Amino acid sequence: MQTLLRTPLFDRHVALGARMVPFAGWEMPVQYEGVIPEHKAVRTDCGVFDVSHMGELEVEGPRAQGLLQSLLSNDLERLEDGQAQYTLLTNDSGGIVDDLIVYRLSPFRFLLIVNAANREGDFEWMREREIPGSDVRDVSDEYGLLAVQGPRALERLGLPEAPAFSFAEGELDGIACMINRTGYTGEQGVELMVPVEDAGDLWDRVVARGAKPAGLGARDTLRLEVCYPLHGNDIGPETDAISAGLGWVCALDKDFTGADELRKIKAEGPRRRLVAFVMQERAIPREGMGIDGGGEVTSGTHSPMLDRGIGLGYVPDDNAAPGTELTIDVRGRPRRARVVKKPIYKPEEGP
Amino acid sequence: MATETYPDELRYHSEHDWARIEGDEALLGITWFAQDSLGELVHFEPPAEGATITKDASYGEVESVKAVSELISPLSGEVIAVNQKVVEAPETVNEDPYGDGWLVRIRLSEPGEADSLLDAAAYKQLLDEQ
Chain Z
1 MQTLLRTPLF
11 DRHVALGARM
21 VPFAGWEMPV
31 QYEGVIPEHK
41 AVRTDCGVFD
51 VSHMGELEVE
61 GPRAQGLLQS
71 LLSNDLERLE
81 DGQAQYTLLT
91 NDSGGIVDDL
101 IVYRLSPFRF
111 LLIVNAANRE
121 GDFEWMRERE
131 IPGSDVRDVS
141 DEYGLLAVQG
151 PRALERLGLP
161 EAPAFSFAEG
171 ELDGIACMIN
181 RTGYTGEQGV
191 ELMVPVEDAG
201 DLWDRVVARG
211 AKPAGLGARD
221 TLRLEVCYPL
231 HGNDIGPETD
241 AISAGLGWVC
251 ALDKDFTGAD
261 ELRKIKAEGP
271 RRRLVAFVMQ
281 ERAIPREGMG
291 IDGGGEVTSG
301 THSPMLDRGI
311 GLGYVPDDNA
321 APGTELTIDV
331 RGRPRRARVV
341 KKPIYKPEEG
351 P
Chain X
352 MATETYPDEL
362 RYHSEHDWAR
372 IEGDEALLGI
382 TWFAQDSLGE
392 LVHFEPPAEG
402 ATITKDASYG
412 EVESVKAVSE
422 LISPLSGEVI
432 AVNQKVVEAP
442 ETVNEDPYGD
452 GWLVRIRLSE
462 PGEADSLLDA
472 AAYKQLLDEQ
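Line order of the protein sequences matches chains Z and X. Residue 58 in my numbering sits at position 58 of the first sequence, with consecutive numbering throughout. Residue 433 in my numbering sits at position 82 of the second sequence, with consecutive numbering throughout.
With the rest of the complex left out, here is chain Z (with noise of 0.2 Å):
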């Protein structure tokens, strides 16, 4: 039996009522009051996620960008100090081992957040590719991660705005945190990187501000809903960018691993496409199922904010366009549903 880990706010969110569950290795709150109450609030007003399950890997030395910028995908020479970006590790053929956030600390510093679940094999990646000059650290333990997120989150955390992928040294109430322009809910936001003792200072003065808990249920809803894709349901290392539909994070100008698997499905055109679709009918899609002409959905939910069922899939790319029919087997039930253009929900514009 494997012992499932626990987050500095473990404690808090059993004292909230959370219904906890196992996820990627980490005991988890997948909701508390419910996941509807909570994407909505993400949606209207504020909410705070814990995602201290993240990883959190650090690559500094002298040669820090040349090894990065020979493992991910997206240019790093677009990076200033203080600016980020979202970036996939590829392999040969041009699969994904995982997506992440870069920041440049400085010139020769980097911060890497990465997916729970991929924390170790990312790293393992990176040491065994490690150049002189380039040290990889996991510095996960050290550090809490709260992601607050919706329109008014900045207005309740008395912060200024800044552009999206910026981040700097700061602190809320007194509490010193790192604070991302950053999230996975299609809102503004912020995620606060503070180290581990004071996570739950932390959380508790971003409570008290207003933000609501919002667990993963509602996280994977509200991602969803601006179809971020999910590590390991809708790519992975055997789905390429391309065919993902992440090529805009792929310098294909640059020699990252597997770029040139990459630029010959790009030249060639994929031969399916990850597409977002809403349900036509009353059903719910669910990861796993089939989809009518050769496809399958990779995740699917209800959509508080549609109140029906969407999804994403791979389809053959005849079936790619927005506005294509489709039709999924619902546990052997045809139901209708139809191509549309990503994001499926867009949020409001900001004040």
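Hints listed in this document are in silico derivations from the structure and should not be mistaken for laboratory results. Since the model is a prediction, treat every value here as computed from it, not as a measurement. Don't be surprised by glycine CBs; every beta carbon is placed ideally from N, CA and C. Warning: the hint list may mix true and false statements.
Stated by the list, open to error - One side of the interface only, derived from the structure: several residues of chain X facing chain Z at Cβ under 7 Å:
no. : residue
1   : G390
2   : E391
3   : V393
4   : E414
5   : V416
6   : K417
7   : S420
Claimed, not checked - Calculated from the model, a selection of chain Z residues having no Cβ within reach of chain X, i.e. all distances over 10 Å:
no. : residue
8   : A24
9   : E58
10  : E60
11  : R63
12  : L159
13  : F165
14  : G217
15  : A283
16  : I284
17  : E325
18  : K346
Given the coordinates of chain Z, work out where chain X should sit on it, guided by the hints.
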């Protein structure tokens, strides 16, 4: 959300379904425990009106955002009505699992089956043991 109750006038199945027997007909639904375990319901896949359903077998599905659950019939019979209110607004089951949140009305084909169902006290004991 409703508060936890298990009305005395209902009969219960160990798979967390209830029956309200009215002469040779019965209303069926899911218990407070079942709706609480699932969370907010967002889909009800009902049987067709006129369909025959069998005790201890699946007669439909309910789904929350995260989970799908089969509905196990506590009694056998013919479906004579489906609660369209729950089809349109599945959260009705969370708000009122024994009232407005009933799922189907059936005409009993084996009324004697009711004897094998649990009363409220026995069902509550079963929950305590879980």
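Status of the hints after comparison with the structure:
no.	hint	in the structure
1	G390	holds, 6 Å
2	E391	holds, 5 Å
3	V393	holds, 4 Å
4	E414	holds, 5 Å
5	V416	holds, 4 Å
6	K417	holds, 6 Å
7	S420	violated, 12 Å
8	A24	holds, 16 Å
9	E58	holds, 34 Å
10	E60	holds, 40 Å
11	R63	holds, 45 Å
12	L159	holds, 30 Å
13	F165	holds, 29 Å
14	G217	violated, 6 Å
15	A283	violated, 7 Å
16	I284	violated, 5 Å
17	E325	holds, 21 Å
18	K346	holds, 21 Å
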